[in-house]
Amino acid sequence: MASKLPPYATTGQRIWFYSFRVLCGLVFFYLIFPILIIIPLSFNAENFFTFTPAMLRLDPEGYSLKHYEDFLGANGDYSWLQAFTNSLIIAPLATLLAVSLGTLAAIGLTQPHVPFRKQITALLISPMIVPLIITSAGMFFFYSRPFGISELGIQGTYAGVVLAHAALGIPFVIITVTATLSSFDTSLTRAAANMGADPLTTFFRVQMPLILPGVISGGLFAFITSFDEVVVVLLVGSAGQKTLPWQMFIGLREQISPTILAVATILVVISIALLTTVELLRRRSERLRGMSPG
Amino acid sequence: MSDATLEGPVLSADGKPLKQSLNQALRKQKIRALVLIAPLLVFVLVTFVAPIGSMLMRSVQNTAGTDYIPDLMPNVVAAIQAWDPSTGEAPPEEVYRAMAIDMASAFENKTHTQLGRRFNYEAPGISSLFRKSGRPASGWDIETDGPFKEKFLDIDSGWGNVEYWAAIKANSGYYTSSYFLAAFDAQRGVDGISMKEPDQRIYQKLMLRTLGLSLLITFCTLALGYPVAWLLADLPLRTSNLLLILVLLPFWTSLLVRTSAWKILLQEQGVINNFWIALGFTERLSLINNQLGVIIAMTHILLPFMILPLYSVMKTIPPSYLRAAKSLGASNWTAFWRVYFPQTTAGIGAGALLVFILAVGYFITPELVGGADGTFISNRIYFQFAVSGNWGLAAALGTLMLVVILILYYVYDKLVGVDNVKLG
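First to last, the protein sequences are chains A and B.
With our numbering applied, the first sequence covers 1 to 294.
With our numbering applied, the second sequence covers 1001 to 1424.
One or more of the hints may lead you astray.
Below, a sample of chain B positions facing chain A; criterion: calculated Cβ distance under 7 Å [said to hold, decoys possible]:
1) A1050
2) P1070
3) V1228
4) L1242
5) L1246
6) W1252
7) S1254
8) V1257
9) L1402
Okay, derived cross-link-like pairs now, DSSO-like style, lysine-lysine, Cα gap no bigger than 27 Å in a straight line [as the list claims (entries may be wrong)]:
10) K1132(B) - K1149(B)
11) K1110(B) - K1149(B)
12) K1030(B) - K1326(B)
13) K1315(B) - K1326(B)
14) K1030(B) - K1016(B)
15) K1132(B) - K1110(B)
16) K1326(B) - K4(A)
17) K118(A) - K1110(B)
18) K1169(B) - K1149(B)
19) K1196(B) - K1149(B)
20) K1169(B) - K1196(B)
21) K118(A) - K1030(B)
22) K1315(B) - K4(A)
23) K118(A) - K1028(B)
24) K1028(B) - K1016(B)
Simulated restraints on C-beta separations [said to hold, decoys possible]:
25) R57(A) - G1329(B): 56 to 66 Å
26) L1215(B) - F204(A): 42 to 52 Å
27) N1290(B) - P199(A): 53 to 63 Å
28) T157(A) - N1161(B): 20 to 30 Å
29) S1240(B) - P92(A): 44 to 54 Å
30) Y18(A) - S1240(B): 16 to 26 Å
Derived by calculation from the structure, the hints in this document are not laboratory data.
Predicted model only: the values in this text are computed from it and were never measured.
All C-beta atoms, glycine included, are put in the ideal place defined by N, C-alpha and C.
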């Protein structure tokens, strides 16, 4: 395998070269096709999940914003909008918690001498590994009666869902921020301290601006984790905390309404925006370290 | 410097021995690191580890509702110990009398139906006895209304069933092994513990299916991901960065969006089937609500988790190695199999383990596209938890699954290292 076919390649090599490319092209198609196909389907004027003859003729009659209007409550059903609002309340709060605690801990973990570093890291990453059904079943038991005291119960409240989602987002913050910190030059903080800056000033004026791209990436990961999560909301939340994924999950399981197409498209657009941000941040920090051609 | 200062321990600026001073500084550093980590550690312990611990406890606690069985029916638990179920005879009058007392107080506290439901997991049919007997028992006078055996048998002849009483006796402690027995498809009868009939071993079947399908999905992601990662590692950085977006976009797209996309594409009247008909075929394919649907959708969803670790390993292999092998006379296949492939095994291990760990715990996708024969153990846990309300069994199944996952996680840590996990 070479990135370019040399001029002396034999016929067999040529066939292999092109069939390999075609194979990879098919895999890329498999990866991206289901996501992109949703977008045109969401402008369907009918309540179908497939392309109508009018759509295939590219007839403007076949297309409409009907499903988006339904999402916004045009048919008098505001449950989608309500779910979207709930998601927009829960995800930022969970992200804030995960990022603030996670960044502090990541700084602690990258210090030169940390007792039990491996064990602590393994523990902090484990919410990513433990199946969600186990986590959420445990959270249901524990959040209903924390330490056996039912007065402390937060099952079925916003607080419960936010805490649970923050716990799920923490591994992503730890992974991205420790990765950024591993390339951070610690002599900079010593230099700052040397020039008379107290630890807080050093952190906010010297270290934070340099590791900010990693912190933001971790935050975006934590955000999307919460924004996309459904099992924990199903068990720890109640109808009052119905989020967008909950609404989608219920919709898909019972009778599937075409409004889902519009919601899916909106979510795809959000993920494109998040991905672009993360990629720009990554390229920026790679450029700063001279690792990428630009 | 005189000779005298060279003798004795080396001192630091403040006059303390240097060794002690260094140790002090080291201790300070350690404490500072721990202080930074502590808030998160406490947070994770309370919001994540404690819940999992409480789930582990649930799998052995013998409770009905929130109370333990011996607290709910203390008299029965005390009286029934003397009775031996293997004699094949119903318990003596004392046990029925104790049941009359406990039933009356349970009826007052409205826990008698919960008790019935608890024992119904062990002895199907018993819950109706508890439901029926609560009200009559609350009206009996313990001193004068005996004998209670006849009274109970008058309500329902089921109260004479030795199996029912054996189930009560077997589950009369604060802790019980019955949920784990059920999770292992075993049962406790009058004559001890035995496996269920082979056609009733549903959890064994489900565990094997979960592991088998996860393995198959891992293999599919490897087969599809390996060439793509190789191509990405081989192309100039600018092109590969562009193509990498095609891998990262699915990674960032909501799991529910991807699952619903497959549900919409694969359904009987969906895009793929319509295309198939347009090609001239007459029979519609059944692509969803079966194992095939789960494999197609989950391979798609987990593919990025395979490609990214493979890519990060392949990126570090210099292309000159393959050229060197070929110039030394190796065929294309030998050069790949003997030179390139062995260097990628670390990436294969990392990707395959990650995909397998994630696949074993999958819930949403099998639930939505799996139908009857494509469900995983997670779906059964959710069913026991949310639909049947058999929390003990759900917890026992969850514990078994957690053990499997933790073993895999340990292997992953040894092989790859948890601090080497990379995202994007």
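Evaluated hints:
1. A1050: Holds, because the Cβ-Cβ distance from A1050(B) to chain A comes to roughly 5 Å (cut-off 7 Å).
2. P1070: violated (17 Å)
3. V1228: holds (5 Å)
4. L1242: violated (11 Å)
5. L1246: Holds. Min distance 5 Å.
6. W1252: This interface hint holds because 4 Å falls under the 7 Å limit.
7. S1254: At about 4 Å, which falls below the 7 Å cut-off, the nearest Cβ of chain A leaves the hint on S1254(B) intact, so it holds.
8. V1257: At about 4 Å, which falls below the 7 Å cut-off, the nearest Cβ of chain A leaves the hint on V1257(B) intact, so it holds.
9. L1402: Cβ of L1402(B) sits 5 Å from chain A, so the hint holds.
10. K1132(B) - K1149(B): Distance ~15 Å between K1132(B) and K1149(B) Cα, so the pair holds.
11. K1110(B) - K1149(B): holds (23 Å)
12. K1030(B) - K1326(B): Given pair K1030(B), K1326(B) is violated - Cα atoms ~52 Å apart, limit 27 Å.
13. K1315(B) - K1326(B): Holds: K1315(B) and K1326(B) sit about 20 Å apart, inside 27 Å.
14. K1030(B) - K1016(B): Status holds; Cα separation ~20 Å.
15. K1132(B) - K1110(B): holds (13 Å)
16. K1326(B) - K4(A): Distance ~16 Å between K1326(B) and K4(A) Cα, so the pair holds.
17. K118(A) - K1110(B): Roughly 50 Å between the alpha carbons, so the hint for K118(A) and K1110(B) is violated.
18. K1169(B) - K1149(B): holds (17 Å)
19. K1196(B) - K1149(B): Outside the cut-off at roughly 32 Å; violated.
20. K1169(B) - K1196(B): holds (20 Å)
21. K118(A) - K1030(B): holds (14 Å)
22. K1315(B) - K4(A): Answer holds: K1315(B) to K4(A) is near 17 Å, not above 27 Å.
23. K118(A) - K1028(B): holds (20 Å)
24. K1028(B) - K1016(B): With a Cα-Cα distance of about 16 Å, the restraint between K1028(B) and K1016(B) holds, given a limit of 27 Å.
25. R57(A) - G1329(B): 56 to 66 Å: Given about 60 Å between the Cβ atoms, the range holds.
26. L1215(B) - F204(A): 42 to 52 Å: Holds, since L1215(B) and F204(A) (Cβ atoms, about 49 Å apart) stay within the stated range.
27. N1290(B) - P199(A): 53 to 63 Å: holds (60 Å)
28. T157(A) - N1161(B): 20 to 30 Å: violated (44 Å)
29. S1240(B) - P92(A): 44 to 54 Å: Violated: the Cβ-Cβ distance is about 34 Å, outside 44 to 54 Å.
30. Y18(A) - S1240(B): 16 to 26 Å: holds (19 Å)
The structure shown violates the earlier hints numbered 2, 4, 12, 17, 19, 28, 29.
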